[in-house]
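There are 2 protein chains.
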Amino acid sequence: MSRHILLLLVLAPAFVCPGRAANPEQEIDVFNRDFRDATLRMDNAAAMALWDDEGVTLLPGLAPIEGKKTIAKWLDDVVARMPGYRVTVQENSFHDLQVSGEWASEWGTTHQVVQPPDGKPAIDTWGKILLVLHRDHDGRWRIREEMWTQGTKP
Amino acid sequence: MSRHILLLLVLAPAFVCPGRAANPEQEIDVFNRDFRDATLRMDNAAAMALWDDEGVTLLPGLAPIEGKKTIAKWLDDVVARMPGYRVTVQENSFHDLQVSGEWASEWGTTHQVVQPPDGKPAIDTWGKILLVLHRDHDGRWRIREEMWTQGTKP
Numbered sequence: 001m002s003r004h005i006l007l008l009l010v011l012a013p014a015f016v017c018p019g020r021a022a023n024p025e026q027e028i029d030v031f032n033r034d035f036r037d038a039t040l041r042m043d044n045a046a047a048m049a050l051w052d053d054e055g056v057t058l059l060p061g062l063a064p065i066e067g068k069k070t071i072a073k074w075l076d077d078v079v080a081r082m083p084g085y086r087v088t089v090q091e092n093s094f095h096d097l098q099v100s101g102e103w104a105s106e107w108g109t110t111h112q113v114v115q116p117p118d119g120k121p122a123i124d125t126w127g128k129i130l131l132v133l134h135r136d137h138d139g140r141w142r143i144r145e146e147m148w149t150q151g152t153k154p
Numbered sequence: 001m002s003r004h005i006l007l008l009l010v011l012a013p014a015f016v017c018p019g020r021a022a023n024p025e026q027e028i029d030v031f032n033r034d035f036r037d038a039t040l041r042m043d044n045a046a047a048m049a050l051w052d053d054e055g056v057t058l059l060p061g062l063a064p065i066e067g068k069k070t071i072a073k074w075l076d077d078v079v080a081r082m083p084g085y086r087v088t089v090q091e092n093s094f095h096d097l098q099v100s101g102e103w104a105s106e107w108g109t110t111h112q113v114v115q116p117p118d119g120k121p122a123i124d125t126w127g128k129i130l131l132v133l134h135r136d137h138d139g140r141w142r143i144r145e146e147m148w149t150q151g152t153k154p
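Protein chains in written order, with the working numbering: chain P, 1 to 154; chain R, 1 to 154.
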């Protein structure tokens, strides 16, 4: 066997399953960073890339929003109603990560600051979040269920 | 081998692992029924029997309540502040049950009616719930994380 073929065999799993290059805990650290960054940048495409096709989001006072396409439309509508708003702080602190096969869960506390346009006062929101994650066919962890509710300032 | 020993061997697994007598989905159906019944009866001991020692409840406007003992004290305090109140309706409809090894998750919609004493108007509450369940050493499914938030009347 040539050295090139050997090298290919060694590297192949990293190309086939990019999400599996690290252990699940490291993979979900990356997910958590991407999740925070997408919110901070108000990047709906990046946020939706983190959702399972059958994902459900459960938010205060709303009916359950079911399915990636429905969530994407809802998120686009939310951002469209906030021209000039910017997320200036998004801090999520996650706890009790549990991974079992292709499924994982974690809960966290969240802190978000949104700056409205025209110098209006910033909106400071503390909350709690619970996520159920599913590792998709491509090896990436995606949100199957997300729930958020109001928290308290520590 | 005597007939008695044979009978003991056949029956033993049911005694050793009562929670594993059925498949996980059936076990969690039983959990869901017990969970609803404990709330309906305002039976705090029965409710707390359904919690993992390291369980966390995440409720609107409150800090996370962490650990079975802390949750038990909080629940006793809540019920102590409601003398004469009765839960007359508790309907939970669960969806997307996923079981992976010793871990499971499900989300649901909830409808609760609480009747205050002295003929005051009933309190009608619609909500959404997300549960992460863990199968304990005794084979029983218990709540690791519970999150609830306000929903909408269908």
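Quick caveat, the hints were computed from the structure, so don't treat them as lab data. Honestly, I wouldn't trust all of these hints.
Chain P is faced by these chain R residues, among others (derived, beta-carbon under 7 Å) [stated by the list, open to error]:
#1 Asn92
#2 Ser93
#3 Leu97
#4 Gln112
#5 Val113
#6 Met147
DSS-like, lysine-lysine: derived pairs with alpha carbons at most 30 Å apart [to be verified]:
#7 Lys153(P) x Lys120(R)
#8 Lys69(P) x Lys120(R)
#9 Lys120(P) x Lys153(P)
#10 Lys153(R) x Lys120(R)
#11 Lys120(R) x Lys73(P)
#12 Lys73(R) x Lys120(R)
#13 Lys69(P) x Lys153(R)
#14 Lys68(P) x Lys120(R)
#15 Lys120(P) x Lys73(P)
#16 Lys69(P) x Lys73(R)
The beta-carbon is built from N, C-alpha and C at its ideal position, and this holds for glycine as well.
Right, here's what the structure says about each hint:
no.: 1; hint: Asn92; in the structure: 13 Å, violated
no.: 2; hint: Ser93; in the structure: 11 Å, violated
no.: 3; hint: Leu97; in the structure: 11 Å, violated
no.: 4; hint: Gln112; in the structure: 16 Å, violated
no.: 5; hint: Val113; in the structure: 19 Å, violated
no.: 6; hint: Met147; in the structure: 4 Å, holds
no.: 7; hint: Lys153(P) x Lys120(R); in the structure: 34 Å, violated
no.: 8; hint: Lys69(P) x Lys120(R); in the structure: 44 Å, violated
no.: 9; hint: Lys120(P) x Lys153(P); in the structure: 21 Å, holds
no.: 10; hint: Lys153(R) x Lys120(R); in the structure: 21 Å, holds
no.: 11; hint: Lys120(R) x Lys73(P); in the structure: 42 Å, violated
no.: 12; hint: Lys73(R) x Lys120(R); in the structure: 27 Å, holds
no.: 13; hint: Lys69(P) x Lys153(R); in the structure: 23 Å, holds
no.: 14; hint: Lys68(P) x Lys120(R); in the structure: 43 Å, violated
no.: 15; hint: Lys120(P) x Lys73(P); in the structure: 27 Å, holds
no.: 16; hint: Lys69(P) x Lys73(R); in the structure: 42 Å, violated
Of the numbered hints stated above, those contradicted by the structure are hints 1, 2, 3, 4, 5, 7, 8, 11, 14 and 16, listed in ascending order.
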